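Mind docking chain B on chain A? Use the hints.
Residue numbers (the numbering used here), protein chains in the order written: chain A, 296 to 578; chain B, 41 to 452.
If you are wondering where the hints come from, they were derived from the structure by calculation, not from laboratory data.
Accuracy of the hints is not assured; some may be wrong.
To be verified - Only part of the chain A face toward chain B is listed, based on derived beta-carbon distances under 8 angstroms:
1. S356
2. T378
3. A436
Keep in mind the model is a prediction, meaning the values are calculated, not measured.
By construction, the Cβ of each residue, glycine as well, lies at the ideal position given by its N, Cα and C atoms.
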Amino acid sequence: MTDTTIDTRITRRFAALAAEGRPALVTFVTAGDPDLDTSLAIVRALPAAGADVIELGMPFSDPMADGPAIQAAGKRALDAGQTLPKTLELVRRFRAADAVTPIVLMGYYNPIYIYGVDRFCADAVAAGVDGLIVVDLPPEADDELCLPARAVGLNFVRLATPTTDDARLPAVLANASGFVYYVSINGITGSAAPDAGAVAGAVDRIKRHTGLPVAVGFGVRTADQARAIGGNADGVVVGSALVAAIAASLDAGRATARTVPAVTALVAELAAGVRAARARAAE
Amino acid sequence: MTTIANSLRNGPDERGFFGLYGGRFVAETLMPLILELEQAYEDAKADPAFAAELADLSVHYAGRPSPLYYAERLTEHCRALTGGKFGAEIWMKREELNHTGSHKINNCLGQILLARRMGKTRIIAETGAGQHGVASATVSARFGLPCMVYMGATDVERQKPNVFRMKLLGAEVTPVTSGAGTLKDAMNEALRDWVTNIDNTYYLIGTAAGPHPYPAMVRDFQSVIGTETKEQFLAAKGKLPDAVIACIGGGSNAIGLFHPFLDDPGVAIWGVEAGGHGIDVENGHAASMTGGRPGVLHGNRTYLLQDADGQILEGHSISAGLDYPGVGPEHSWLRDSGRVTYVPATDREALDAFMLCSKLEGIIPALEPSHALAQVLKMAPTMDKSQSIVLCLSGRGDKDVFSVAEHLGERM
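One chain only, chain A, in its complex shape:
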């Protein structure tokens, strides 16, 4: 059985929402997009707008699993000078005013490898990070980061995909904790909308293998989709739509007075969607 003993803000938040009877809204934005100060303002505004879990992208020069929207967000952040130490600093500043909202850092392995795995894990915990999602570290590479992260009490959130069959799922789930991130489509972030029926079947399949909450992402952009997927998923992840809203609010690449409200308005819509999910499912 999957080890769920690593208790973090993530596990506590999912447990509380399960008791409440609704799925979590998991929001993704890229750290430092479009600049560090605006990014901090966005992240600080997310919980009040209805985000239950915050995924914070660690920008990387070569985001192989991401579609155009998140690629562009990462490039804006890097062009504005974002680095991994600055991303940790952003979490530290957020955490100073919010002790409960879970933060998951999401990205690619190389910047962490260069920062130094042990130092990164220690600094992430100290900054108030709860979990990690590292796209290019499959379970075959668990000794790289997953196990050191677990050792210091970080959740290592695993991606499962439509290609992850029943034979492979146990390996994928072996060292997973926090929640399982089900990638709803074969493809990159922000692709075609997932088929809600197929996703529901996949979520049930994963739940037969684990007691961990299952959140669904890739291609979810509207409140309607969030409501449909939230019918049996424990969380709905929205990323590309939020960073696209940031992009649309910019003026010549720079933040405007519309930038933070553009994100919070969309998050509020999506939050209404996940809150309606089970009500609708019960109809």
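Chain B alone, transformed into the frame defined by chain A:
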């Protein structure tokens, strides 16, 4: 095959590692595909019919074996610099005479047979200078499979003749505008395509890099270079050469030449990276082993050009085929082990070697092996006349005449 316990030719291990390097650092969506590919390749290796079909195509379609040629006038040139006292014989393994004009066809033929065997119906590939794109388009045409080539928008602009060649061969060329629009960005985009079209698509990687099993598989398909070299040199001289040398971008022609010689301690092995404007120039070269450090990109751990935050740098070289911020993982391992010596050659040195080879041998080499030739021109005069160096002349220079003209200030 018998395994020698302390052979340098046993890698990678079952997880795809050459020591610290290599591995399978890919997204979960790709992991089952990579495992399927590994199994399919293991099956193909054990099937004599696969080897027989590849051998037949290599002879009748690609034109193998390629000649091993004694470059008499370059040898004399180097000897003259020492007053006739020193100067190793310079030999060339003529991979530029292969169909499509480079070593790339060796790998493409092997992989297209594998793709067919796996029942895949669509080929994707990345390309920098266009040599691998042309070779991929060629084998796709030969086997009637649609081919999509991802090429950085910057490279599309500076390699127009190869873009047109690919289109003539029926391939679709997609310019990639993300990042700086060069080879690494093309590889990112090919990976994005693969993850989206997993059922029917085969990703034909052009160099001995990427997630396991690609580095080992591409090496195996390219090892025909070193195997033939060994036989041909033995037949010509009754011994092994004193040194073999090749240029390194991703390093597929080099590992193909080197691998059969790794357990021959009497053969010195040299790899030559693109020194660009000079190793000391920040982001001004593409010498990942001389001027980079280990990191993880495109599915493997290897030496990479990167900044202090682990962001990948673009690199620079006069040769678009060497303009890649990484290198095949087996090279990283061979570097650390000390078996192979890796050195840089600058744009200028490569250009000078390009000119000299054209004038003295009547062979216009590609700019990529011109880097290796630049190192040969430094080494040969220091070696005894009884010694020999074999250079892998990995490609012909027709594709480079426009950019060379530009560097020389000639209008065409």
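- Query: Among the hints numbered above, which are violated by the structure, and what are their numbers in rising order?
  - Reply: none
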